[in-house]
Amino acid sequence: MRILYYIKVWWLMNIKYILPTLWHNWTLAVFLVGKIIRFVFFGGFIFFLLKGTNTLAGYNLTQALFFYLTFFLIDTTSQFLFREVYRFRPYIISGSFDLILLKPMSPLFRVLMGGADVIDLITIPPLIYLVFHYGSQLSPSTLTIAFYILLVLNGLLLAAAFHITVLAMGIITLEIDHTVMIYRDLESLARFPIDIYRQPLRGILTYFIPIGMMITVPAKALMGLVSPSGVLLSFLIGVVAIFLSLRFWNFALTKYTSASS
Amino acid sequence: MKKYLSIFNISLSQEFAYKMNFVMWRVRNVLHVVIAYYLWTTVFADPGRTVFGYDQAKILTYVFGTIIIRAVIFSARSVDVPQEISEGSLTNYLVRPMGYFKYWFTRDASSKFLNFAFSIAEFGILAAIFRPPLFFQTNILYLLAFLASIIIANYLIFVIRFIVTSVTFWIPELAWGGQFLFMVIVTEFLSGSIFPLDIFPATWQTIFYYTPFPYLIFFPLQVYLGKIPFPQVLSGIAISVVWSFALSIILRSLWNKGLKSYEAIGR
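Quick note, the sequences are listed as chains U and X, same order. Positions 1 to 261 (my numbering) are the ones given, in order, by the first sequence. Positions 1001 to 1267 (my numbering) are the ones given, in order, by the second sequence.
In short, the hints are calculated from the structure, not lab data. Backbone N, C-alpha and C define an ideal beta-carbon position, used for all residues, glycine too. Treat the hints loosely; a few may be bogus.
Calculated Cβ distances over 10 angstroms to all of chain X for the following chain U residues [what the hints assert, rightly or not]:
#1 33
#2 45
#3 53
#4 248
Have a look at the derived ranges for each label pair, beta carbon to beta carbon [claimed, not checked]:
#5 U:33 x X:1116: 46 to 52 angstroms
#6 X:1002 x U:174: 18 to 24 angstroms
#7 U:146 x X:1116: 49 to 55 angstroms
#8 U:250 x X:1121: 55 to 61 angstroms
#9 X:1206 x U:230: 45 to 51 angstroms
#10 U:146 x X:1264: 55 to 61 angstroms
#11 U:87 x X:1264: 37 to 43 angstroms
#12 X:1002 x U:96: 30 to 36 angstroms
#13 X:1001 x U:93: 43 to 49 angstroms
#14 X:1211 x U:98: 24 to 30 angstroms
#15 U:51 x X:1121: 54 to 60 angstroms
#16 X:1211 x U:124: 26 to 32 angstroms
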């Protein structure tokens, strides 16, 4: 019942963002075109790079494109779900976060998922088609497809953990904008398979800031390059990350001063 | 001149007022270079390899060169101007006894100065950590042409930014959208700041060269690396000068029309 309640709350909260964005034709068109151009340019870069070099860290063109598409799928979906994080700072510096704390719902749910981005929503269906198209060229088995879907969901769980951490840091430091952009930059390290990075950076990106677990491992799983124990380890890291981020969020709430309210 | 020197100093002090913002911005720039460094060292795992006309030293010089050139070209305070137009606070500047463009050019110069200083330090630190093989240009003519292309690129980006900003006069809700599309996406990609443009097929490169964007980052770095014969360097500089004049005329016309339709909404 509680899940149904939050689904209803999510719908009510987000329809107020989705409809005005659809009515602002210029804003919608400009941001949509911008996102498509960025996608095409990076895709084009990878395509022509691999045409010239044949392989990247041992991966062929289709595999490299699949890593890129998986990165874009997880990045876009998390942008769609967690866009409200980018609007969190004004609540904190104005003290209006008080009003969110008073509502009969989880304040974390409100500031994490309260403002879905319709522009990202528009780009998700064609992305899923491209993932399907290039993924099928990698001859996956039923098991590796199942691993891929589960690990993409685990990737979204890790993305949620990162966004919760950014929110908690926002309460403590009043700094959101650059922190979330640094997260985006770190995430973009996985635009290419993390095999291109040397140790210890590769280890850090796999276990400490698990961008690799979030994006590279799902794509590798579809290629049959991840063992069942590796899949289990990914889930374990996902669960630990979300647990730690929630603890950090609860700690940050104790530091909220309600300044300016 | 004295008042613009004061604006330069005040603007510099303002940059230091938000130290954390500045540090985070620099961290982001370093991350971009780290990604590019690892990508290209993987491509050039065999040091004797030549790809797209680059050997390992030249491509890594390109990557490390972008730290400094991005800092000089892309750093700007005038990113705030669209917001000022859409909020109506442009009015505050129009009544002041100073040239509006000169004011922002000075503020941009202070931002570039500070970012340039930090980028030199970052270049040194990253070079010490990664110890990449680097290419040092010794031909004085190429070095002078490189310097000239950087100066022109600085003017060019200023004019391009204000042309994009002018759209806000007519469509205020595009204050950030226009900057996002043209300055963040189109300019960054087509300038060659993310990857060198010569990995693309010749037809694509020809199309890119019909725009002013390659003259911001890609062309200066090609000059530094000596990848272009000197007569073509001179014609490239001439084309970027023509772009600067042409875009200045367009900007002047757009800005004057924009000011006529400006209603200081929000004031």
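Hint check:
no.	hint	in the structure
1	33	6 angstroms, violated
2	45	5 angstroms, violated
3	53	5 angstroms, violated
4	248	19 angstroms, holds
5	U:33 x X:1116: 46 to 52 angstroms	32 angstroms, violated
6	X:1002 x U:174: 18 to 24 angstroms	37 angstroms, violated
7	U:146 x X:1116: 49 to 55 angstroms	52 angstroms, holds
8	U:250 x X:1121: 55 to 61 angstroms	39 angstroms, violated
9	X:1206 x U:230: 45 to 51 angstroms	46 angstroms, holds
10	U:146 x X:1264: 55 to 61 angstroms	60 angstroms, holds
11	U:87 x X:1264: 37 to 43 angstroms	27 angstroms, violated
12	X:1002 x U:96: 30 to 36 angstroms	44 angstroms, violated
13	X:1001 x U:93: 43 to 49 angstroms	38 angstroms, violated
14	X:1211 x U:98: 24 to 30 angstroms	50 angstroms, violated
15	U:51 x X:1121: 54 to 60 angstroms	37 angstroms, violated
16	X:1211 x U:124: 26 to 32 angstroms	31 angstroms, holds
The earlier numbered hints that this structure contradicts are 1, 2, 3, 5, 6, 8, 11, 12, 13, 14 and 15.
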